[in-house]
Amino acid sequence: EAGVAQSPRYKIIEKRQSVAFWCNPISGHATLYWYQQILGQGPKLLIQFQNNGVVDDSQLPKDRFSAERLKGVDSTLKIQPAKLEDSAVYLCASSLVFQGTYEQYFGPGTRLTVT
Amino acid sequence: AQSVSQHNHHVILSEAASLELGCNYSYGGTVNLFWYVQYPGQHLQLLLKYFSGDPLVKGIKGFEAEFIKSKFSFNLRKPSVQWSDTAEYFCAVTLNTNAGKSTFGDGTTLTVKP
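Line by line, the protein sequences give chains A and B.
Quick note on this note's numbering: the first sequence kicks off at 219 and runs consecutively.
Quick note on this note's numbering: the second sequence kicks off at 98 and runs consecutively.
Chain B with its partners taken away, still in its complex shape (with noise of 0.2 Å):
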């Protein structure tokens, strides 16, 4: 069976710290991978997806992932954080067959202090 394994619980940063969130997963087959962000009082939503072509892939708000089929990883990444990312952050799995099953990590808290 899949799983997603983020290693930060909780992330506390100042604003302009840069940011990178780990995320490792366990399928030996084509996935897809996602990372979603829950800002507070607000519905989970995507943040950024790759399935296939250029393993780095941006997303909205400057926010961007790697993806290395070697090490089973898809981090996320951020230069320059601000205090509006504050959120929980999760990474997710799913595979690329027609009977695809989504995985999520735990989830990453991220705190930007102003």
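Chain A on its own, in the form it takes in the complex (with noise of 0.2 Å):
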């Protein structure tokens, strides 16, 4: 089966300047992540769908970011405007159902520099 799609792969953008990165599930999975990775940290979760839906945003800086997933398929997170501790990996990763027994597959990530 095709993996999670994630583009770009790389991103360089000047501070303030808006960014978006574009992610396609895993046909057939109901829940998408996003996920923001801080070199030398773990994946932090950003926010979680359940087909279209917001499960989860609590930790999305809604000032500066948002996210849509139209449709309950593929998906767009953008950061605007971007900050240089915005500089990061993005992952986008999906799983079968919204279960925490699940496993999640991960895409490539987009690697953001903000200078």
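Any given hint could turn out to be false.
Derived pair list, reagent style EDC-like, types lysine to aspartate or glutamate, alpha-carbon separation capped at 16 Å [said to hold, decoys possible]: (1) K198(B) with D281(A); (2) K146(B) with E163(B); (3) K166(B) with D151(B); (4) K155(B) with E117(B); (5) K233(A) with D304(A); (6) K301(A) with E286(A); (7) K198(B) with E163(B); (8) K158(B) with E112(B); (9) K296(A) with D281(A); (10) K210(B) with D182(B); (11) K198(B) with D274(A); (12) K262(A) with E117(B); (13) K301(A) with E232(A); (14) K146(B) with E321(A); (15) K198(B) with E321(A).
I should point out that these hints are in silico values taken from the structure, not numbers from a laboratory.
Note that the structure is a prediction, hence the values are computed from the model and not measured.
Could you fit the two chains together into a complex? Lean on the hints.
In structure tokens:
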């Protein structure tokens, strides 16, 4: 089966600019996650979707970050305006159903550098 | 809030040495536990998981982990490592609820010398 697709793979922007990331989960996976992974740290959950509804966005900095999952399939994560501390790898993951016992399948990530 | 602690940031071993990576979590409720691995240049992928039953779980490539509820631990082990095990290893906890959120540790980088 095809894996989780993400684009772009790399992005360099200046602070105060905006950026968007795209994710296409594995076909049939109802749950989609966006994580931020800062160098030297583990992935931190930003937002979790079940189909096209938000289940958890408690750690999403809503003043600058937004995400949507229209039609319950692919998703976009946007940062506007970007700050230096947003430099990180942004990971998208999906799982078959929304239960804690199901493993997550990760995409390759987008490495964002904010200068 | 739940948290995951991985005690070793970087472990260096020679081939055939035994491996144990520590993982402790803080949460009093029912949890599901995972170890994920990221090989150089590859995606994060599942190594093994525990959600109920036998607390000793076996994963791919000869890895195993033991869930000790009283110690809030889920340590990863392998009796004899290979050079190809060089990777970053992440422990993760997911609450066993319908609103379960995953929390990852900060990872352990394992370097195996040939």
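Hints versus structure:
As the CA atoms of K198(B) and D281(A) are separated by approximately 22 Å, the hinted pair breaks the 16 Å bound. Simply put, K146(B) and E163(B) have alpha-carbon atoms about 10 Å apart, close enough for the 16 Å limit, and the pair holds. The hinted pair formed by K166(B) and D151(B) meets the criterion: a straight-line CA distance of about 12 Å does not exceed 16 Å. With a CA separation close to 14 Å, the supplied pair K155(B) and E117(B) stays within the 16 Å bound.
Restraint check for K233(A) and D304(A): satisfied, since their Cα atoms lie roughly 9 Å apart, inside the 16 Å limit. The suggested pairing of K301(A) with E286(A) is violated, with an alpha-carbon distance near 21 Å, which exceeds 16 Å. A threshold of 16 Å between alpha carbons decides the hint, and for K198(B) with E163(B) the separation of about 22 Å lies outside it, so the pair is violated. As the CA atoms of K158(B) and E112(B) are separated by approximately 14 Å, the hinted pair is consistent with the 16 Å bound.
Proposed proximity of K296(A) and D281(A) is supported: the alpha carbons are some 11 Å apart, at most 16 Å. For the hint pairing K210(B) with D182(B), the CA-to-CA distance comes to about 10 Å; that is within 16 Å, so the pair holds. In summary, the hint linking K198(B) to D274(A) is supported, as the alpha carbons are separated by about 8 Å, within the 16 Å threshold. Proximity of K262(A) to E117(B) is assessed by CA-CA distance (about 24 Å); at most 16 Å being required, the pair is judged violated.
A hinted pair counts as satisfied when its Cα atoms are at most 16 Å apart, and K301(A) with E232(A) qualifies at roughly 8 Å. For the proposed pair K146(B) and E321(A), the alpha carbon gap of about 8 Å is at most 16 Å, so the pair holds. Straight-line distance between C-alpha atoms of K198(B) and E321(A) comes to about 12 Å, which keeps the hinted pair within the 16 Å bound.
Hints 1, 6, 7, 12 from the earlier list are contradicted by this structure; the remaining hints agree with it.
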